[in-house]
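Enquirer: With the hints as your guide, set chains B and C onto chain A.
Protein chains in written order, with the working numbering: chain A, 1 to 138; chain B, 1 to 138; chain C, 1 to 138.
Hints listed in this document are in silico derivations from the structure and should not be mistaken for laboratory results.
Among these hints, one or two may not hold up.
[Unchecked claim] Okay, derived cross-link-like pairs now, DSS-like style, lysine-lysine, Cα gap no bigger than 25 Å in a straight line: (1) C:Lys84 with A:Lys49; (2) B:Lys19 with A:Lys49; (3) A:Lys84 with C:Lys75; (4) A:Lys49 with A:Lys84; (5) A:Lys19 with B:Lys49; (6) B:Lys49 with B:Lys19; (7) C:Lys49 with B:Lys19; (8) C:Lys49 with C:Lys19; (9) C:Lys49 with B:Lys49; (10) A:Lys49 with C:Lys19.
[Unchecked claim] Where chain A lies over chain B, by a calculated footprint (3+ residues, C-beta under 8 Å): (11) 28-40; (12) 58-64; (13) 80-89.
[What the hints assert, rightly or not] Cβ-Cβ distance ranges computed for the label pairs, FRET-style: (14) B:Lys49 with A:Arg48: 35 to 43 Å; (15) A:Asp15 with B:Ser79: 36 to 44 Å; (16) C:Ser14 with B:Glu81: 24 to 32 Å; (17) A:Leu127 with B:Ser64: 18 to 26 Å; (18) A:Gln82 with B:Asn57: 23 to 31 Å; (19) C:Val31 with A:Arg56: 18 to 26 Å; (20) C:Asn128 with B:Glu37: 28 to 36 Å; (21) B:Asp38 with A:Leu127: 30 to 38 Å; (22) A:Gly77 with B:Asn34: 23 to 31 Å; (23) B:Asp15 with A:Ser14: 27 to 35 Å.
Just so you know, these numbers come straight off a predicted model, no measurement behind them.
Where is the CB? At the ideal position from N, CA and C, for every residue including glycine.
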Amino acid sequence: MPFVRVSYLEQAYSDQQLKAASEAIMAALTVHFNVPEDDYFQVFHAHRKSEFNYSRNYLNVERSDGLLYIQITLKSGRSTEQKKSFYRLLAEKLSAALPMRREDVFVVLVDTEFEDWSFGNGIAQMLNQPEAQAEALG
Amino acid sequence: MPFVRVSYLEQAYSDQQLKAASEAIMAALTVHFNVPEDDYFQVFHAHRKSEFNYSRNYLNVERSDGLLYIQITLKSGRSTEQKKSFYRLLAEKLSAALPMRREDVFVVLVDTEFEDWSFGNGIAQMLNQPEAQAEALG
Amino acid sequence: MPFVRVSYLEQAYSDQQLKAASEAIMAALTVHFNVPEDDYFQVFHAHRKSEFNYSRNYLNVERSDGLLYIQITLKSGRSTEQKKSFYRLLAEKLSAALPMRREDVFVVLVDTEFEDWSFGNGIAQMLNQPEAQAEALG
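Extracted from the complex, chain A is given alone in its bound form:
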């Protein structure tokens, strides 16, 4: 159920690297947020230099033009521990797969509820699942 929106500086990454980033994000969602492997919905936005701004050292993290802004809209209810584990694994997987700098993995999560999603056909599919199943589906 997560919907992932990633912003990056144009030409910072090749198409092959975008694919690796997409797979790494999906893998981390699967491990720590119980997201099914085929619950895969992501878009990437390229930005020109004048459209892409970031702090080079806020909170003592040294960021570069390789920064990825990863905004994830998802079902509420993941625990703080799950989120911490997710951030850690996501940075590990992205840095290994692209490769990229772990400092450049910026994440923000936005909560929603089951009733806020339609996966096609004009239906709120999550409301038709038994609650337990829906929880597991993430």
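Expert: Frame of chain A; chains B and C shown alone:
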């Protein structure tokens, strides 16, 4: 009050079809969320193939490159029944108007409050409306 | 901690004006939301004419193609008074700096919590701050 952000695969739809999509989304908002016809705020993002990812069959919905990711930020408080009716009508209207496949209508809603909006001039206009009127305005 | 996403009509503003917009948004966040000056995370999206829709007069605000959609994801807890002051100052600063019309400053805020943010390195930095410090950091 809704703010609509739509992502689509570049060249999947013509400008005329984007216009039809925009009108169909507005019409569905008007019918089921009580949004005034001139409460019209929408942006569309085109994505390159390598920037646009989706599951081809999650939850047994057969999606294609015609997928529209429709993310709507709106005032909290719509009922589950309203949301279900909205998804149904939105898929119907989009499929008829563009035309497009109903399977390709993906929607996610994000809740906010009246105080979270300024419609221009540096004013939080919804806080200046009588509550009942503001509710009706959506 | 705010993450700022701005949508504008392509060629409505020069790169120099985008820079001024970016600085004006940051300044208003600093003054009214207690955001540190180096807590600076913003992306801008240019849209083609057919991708950029708005009401020309909803709520009696006369908007133009210079409209900026400013969507800000931030920590919950700012008061209504803070938000009102923020909108006012933001419109003032933007209109003076670019310059641009105050009518064209559209803002929507989306709430999140401390645990929803990682600023790099796979860490949820806000959870490692003393609460008071984190609050001040915004």
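Enquirer: Could you run down the list of hints and mark each one as holding or not?
Expert: Now the hints, each set against the structure:
no., hint, in the structure
1, C:Lys84 with A:Lys49, "31 Å, violated"
2, B:Lys19 with A:Lys49, "30 Å, violated"
3, A:Lys84 with C:Lys75, "17 Å, holds"
4, A:Lys49 with A:Lys84, "31 Å, violated"
5, A:Lys19 with B:Lys49, "11 Å, holds"
6, B:Lys49 with B:Lys19, "22 Å, holds"
7, C:Lys49 with B:Lys19, "11 Å, holds"
8, C:Lys49 with C:Lys19, "22 Å, holds"
9, C:Lys49 with B:Lys49, "21 Å, holds"
10, A:Lys49 with C:Lys19, "11 Å, holds"
11, 28-40, "violated (count 0)"
12, 58-64, "holds (count 4)"
13, 80-89, "holds (count 6)"
14, B:Lys49 with A:Arg48: 35 to 43 Å, "20 Å, violated"
15, A:Asp15 with B:Ser79: 36 to 44 Å, "43 Å, holds"
16, C:Ser14 with B:Glu81: 24 to 32 Å, "48 Å, violated"
17, A:Leu127 with B:Ser64: 18 to 26 Å, "24 Å, holds"
18, A:Gln82 with B:Asn57: 23 to 31 Å, "27 Å, holds"
19, C:Val31 with A:Arg56: 18 to 26 Å, "22 Å, holds"
20, C:Asn128 with B:Glu37: 28 to 36 Å, "48 Å, violated"
21, B:Asp38 with A:Leu127: 30 to 38 Å, "31 Å, holds"
22, A:Gly77 with B:Asn34: 23 to 31 Å, "29 Å, holds"
23, B:Asp15 with A:Ser14: 27 to 35 Å, "30 Å, holds"
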